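Note that the protein sequences, when read in sequence, are chains A and B.
The numbering used here puts the first residue of the first sequence at 7, with every later residue one more than the last.
The numbering used here puts the first residue of the second sequence at 25, with every later residue one more than the last.
Keep in mind that a hint or two might mislead.
Just some of the chain B residues that point at chain A, by a computed CB distance under 10 Å [unchecked claim]:
| id | residue |
| --- | --- |
| 1 | Val39 |
| 2 | Ile49 |
| 3 | Asn142 |
| 4 | Leu338 |
| 5 | Ile342 |
| 6 | Val362 |
| 7 | Tyr379 |
| 8 | Thr382 |
| 9 | Ala404 |
| 10 | Tyr412 |
| 11 | Ser414 |
| 12 | Glu418 |
| 13 | Ile430 |
| 14 | Ser437 |
Pairs of lysine-lysine, DSS-like flavour, derived with a Cα cap of 27 Å [to be verified]:
| id | chain 1 | residue 1 | chain 2 | residue 2 |
| --- | --- | --- | --- | --- |
| 15 | B | Lys108 | B | Lys154 |
| 16 | A | Lys85 | B | Lys109 |
| 17 | B | Lys116 | A | Lys15 |
| 18 | B | Lys357 | B | Lys154 |
| 19 | B | Lys361 | A | Lys43 |
| 20 | B | Lys109 | A | Lys12 |
Honestly, the hints are just simulated from the structure, not real lab data.
As the structure is a computational prediction, the values presented were derived from the model and not from experiment.
Even for Gly, the Cβ is constructed at its ideal location relative to N, Cα and C.
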Amino acid sequence: MKKLTKREKFLLFILALFIILTVGVAYLIVPEYTKNKTLREEIDTKEQTLIMYTNLALNTEQVKSQFEEVKSQFEAQAKESYPLLIDEDVDKLFTGLLKQTNVESSTLNFSSYEPSDFTGVHYRTISLVIAAESQNFIDLVELIRQNPNMSLTSATSSSDSSHYLEVILYLMD
Amino acid sequence: MKKTIIYCNYDTLQVIGGDFNTGQIHINVLSLDYGTVVNGVALNIEALSSVLSKNKHLFKGNCYLFLDSSNIAIKKIEIPSLSKKESNLIVKNELSIGDNQDDIIYDANLYSFNDQKNLLGCAVDANLIKSYYDAFAMAKIKLHKIDLAFNAIAKSVHANKSFNNRTFLLNFISGAYMISLFFQNGNFAIANRNRILSSSQDETYCEDLYQNLSNFIQFNVGQKSGVEISASYYWGLSDEHLKLLNEVSMSRGLSVDILPYEDKYMSGYVDGMILPCVELIDHKLDINLLKAYNEYQKLSAKKLTADHLFIAVLLLSIGCIGGFTGFLYVQNKSLQKVSDQLNLELSEPTLVSQYAETVDYTTKTDDYTIKINALESIWAKTATEGVYSSDIIETIYSQAINGIEIRTVVYDSFSLKIEAISDKEDGAASYVEYLRKTGLFENISYSGWQKNNQSYELSLSLQIKAVH
Numbered sequence: 007m008k009k010l011t012k013r014e015k016f017l018l019f020i021l022a023l024f025i026i027l028t029v030g031v032a033y034l035i036v037p038e039y040t041k042n043k044t045l046r047e048e049i050d051t052k053e054q055t056l057i058m059y060t061n062l063a064l065n066t067e068q069v070k071s072q073f074e075e076v077k078s079q080f081e082a083q084a085k086e087s088y089p090l091l092i093d094e095d096v097d098k099l100f101t102g103l104l105k106q107t108n109v110e111s112s113t114l115n116f117s118s119y120e121p122s123d124f125t126g127v128h129y130r131t132i133s134l135v136i137a138a139e140s141q142n143f144i145d146l147v148e149l150i151r152q153n154p155n156m157s158l159t160s161a162t163s164s165s166d167s168s169h170y171l172e173v174i175l176y177l178m179d
Numbered sequence: 025m026k027k028t029i030i031y032c033n034y035d036t037l038q039v040i041g042g043d044f045n046t047g048q049i050h051i052n053v054l055s056l057d058y059g060t061v062v063n064g065v066a067l068n069i070e071a072l073s074s075v076l077s078k079n080k081h082l083f084k085g086n087c088y089l090f091l092d093s094s095n096i097a098i099k100k101i102e103i104p105s106l107s108k109k110e111s112n113l114i115v116k117n118e119l120s121i122g123d124n125q126d127d128i129i130y131d132a133n134l135y136s137f138n139d140q141k142n143l144l145g146c147a148v149d150a151n152l153i154k155s156y157y158d159a160f161a162m163a164k165i166k167l168h169k170i171d172l173a174f175n176a177i178a179k180s181v182h183a184n185k186s187f188n189n190r191t192f193l194l195n196f197i198s199g200a201y202m203i204s205l206f207f208q209n210g211n212f213a214i215a216n217r218n219r220i221l222s223s224s225q226d227e228t229y230c231e232d233l234y235q236n237l238s239n240f241i242q243f244n245v246g247q248k249s250g251v252e253i254s255a256s257y258y259w260g261l262s263d264e265h266l267k268l269l270n271e272v273s274m275s276r277g278l279s280v281d282i283l284p285y286e287d288k289y290m291s292g293y294v295d296g297m298i299l300p301c302v303e304l305i306d307h308k309l310d311i312n313l314l315k316a317y318n319e320y321q322k323l324s325a326k327k328l329t330a331d332h333l334f335i336a337v338l339l340l341s342i343g344c345i346g347g348f349t350g351f352l353y354v355q356n357k358s359l360q361k362v363s364d365q366l367n368l369e370l371s372e373p374t375l376v377s378q379y380a381e382t383v384d385y386t387t388k389t390d391d392y393t394i395k396i397n398a399l400e401s402i403w404a405k406t407a408t409e410g411v412y413s414s415d416i417i418e419t420i421y422s423q424a425i426n427g428i429e430i431r432t433v434v435y436d437s438f439s440l441k442i443e444a445i446s447d448k449e450d451g452a453a454s455y456v457e458y459l460r461k462t463g464l465f466e467n468i469s470y471s472g473w474q475k476n477n478q479s480y481e482l483s484l485s486l487q488i489k490a491v492h
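With these hints in hand, go ahead and build the complete structure from the sequences.
See below:
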């Protein structure tokens, strides 16, 4: 067999080195390195999750008590608010207000639900045309004003004791 | 001093040992398995070594190995006075063969003959020497020198005064093999090897021998040396064949004496021997292939350094890749265990249920907090917007006693528009002044009154102050 020259040996060496490095890096190092990186990321994530789990688990009682506190606060507040009243309940609410202030109404209209700017809160617009003496009208306006779930947005009073009112009623989900 | 001569060509290993000064020598012919040595090349080192080991007692004193192979190129050149190094360069130039010159060992015997410097050079494949070197090394027999059979015979003849200035042929026959050395005026000129095609029983046997003799005669004529071959000596040829060859020679008109070669140590010892007991003549500028081989090995070791470097780099690369991969593999195994352990901890039922419960509470708390915030925002909004109060209404309507009659009041998000009539021409201004003084309003816009019958109509717009 013909002996290789120095140049041939050198080229063969470069080729062998290239093959070894290419194959070694592509088929051995890269897969293992990728696996290593993935495992490290997995472990980091799991450790964070475990810390979170442990911290949350340790605070269960605290969170529960906080929940109870918030819940009772909400329930207390909920008593002073209205749920999503259906149409006849809205009618009953405002008719009750009119009766309470001895005001006669010729018209009672209300819109359907519309979402408000606040999460979980809807509103309905109620229009009233009433005939009321001055003091009765004032009583009605004051009753609406003192209700935290109502807002008198518009009112027109004429000299013949007729009044037009537009009220927004806020309702909780 | 005891010495041992070793010669090996085909199937037999010839060992001649003893004290050559006293003539007390012993001659042994050791049989080799077929194919162990072919044409002077040791093909089966283990077999040769085995034979050597078994007969180690025969190798005493300095051991001289004589090589004889058609694979060894030899050439005699007449030269001016040269150093050994210069002579080797000449040999290399003269005997360069093939591409693979790195593995060829060159050596030469520099000697003077009749005041003329002569060089008998040879070129030998290093592997040929290596095969013997390894075989003897395996048998733990130390070689003193490796020489060529031709060179040894030539030196022997040169030292023999009876051959001085004679032109003759020296033939050594063993079975079907024959080597011939041609001497011109007593100086070695050329040598060759022949295979005798005819059997010694054949009538053509002597014809073959004559043909060989004839070739050398023609060569001598071609050389134009001016001297004729006077004799042809034969070793290993029977008297009968000598006689027949002489007859053939004479019948062809040749005046060449056909004579037997006499050896002072080996008289009558012919069978199986191709190399007679040669004079062991050593001198400083002689062929010593053992020394040349050792120098070749040193040079090869240096040449191998580059190859070793390449191989080392490749092995290092493989090692680095393997090592790093192994490191990653082991680390991945360890990380996998950690990951599995974390999975176990994360799936621990108590922890999971506690976590789920806490998350549930947190979610609900967040929901309630959102609702509370929304409700408080609504209440804050209605409180801010609820400016149209009994105070405002009573203030607007309170001036009836001053002759102001309110016709219409339109409220729309902080803005008020009032239309009224006054029974006096200065009533309107008084009314506006009154409203301004209450401090409940701002941005009061009043543009005057208009008389209609006996009353004065006025219209104004204003805004209820936010902080009320």
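Quick rundown of the hints versus the structure:
{"no.": "1", "hint": "Val39", "result": "violated (35 Å)"}
{"no.": "2", "hint": "Ile49", "result": "violated (43 Å)"}
{"no.": "3", "hint": "Asn142", "result": "violated (33 Å)"}
{"no.": "4", "hint": "Leu338", "result": "holds (6 Å)"}
{"no.": "5", "hint": "Ile342", "result": "holds (6 Å)"}
{"no.": "6", "hint": "Val362", "result": "holds (6 Å)"}
{"no.": "7", "hint": "Tyr379", "result": "holds (5 Å)"}
{"no.": "8", "hint": "Thr382", "result": "holds (4 Å)"}
{"no.": "9", "hint": "Ala404", "result": "holds (9 Å)"}
{"no.": "10", "hint": "Tyr412", "result": "holds (5 Å)"}
{"no.": "11", "hint": "Ser414", "result": "holds (5 Å)"}
{"no.": "12", "hint": "Glu418", "result": "holds (7 Å)"}
{"no.": "13", "hint": "Ile430", "result": "holds (7 Å)"}
{"no.": "14", "hint": "Ser437", "result": "holds (6 Å)"}
{"no.": "15", "hint": "B:Lys108 x B:Lys154", "result": "holds (23 Å)"}
{"no.": "16", "hint": "A:Lys85 x B:Lys109", "result": "violated (120 Å)"}
{"no.": "17", "hint": "B:Lys116 x A:Lys15", "result": "holds (25 Å)"}
{"no.": "18", "hint": "B:Lys357 x B:Lys154", "result": "violated (51 Å)"}
{"no.": "19", "hint": "B:Lys361 x A:Lys43", "result": "holds (15 Å)"}
{"no.": "20", "hint": "B:Lys109 x A:Lys12", "result": "holds (25 Å)"}
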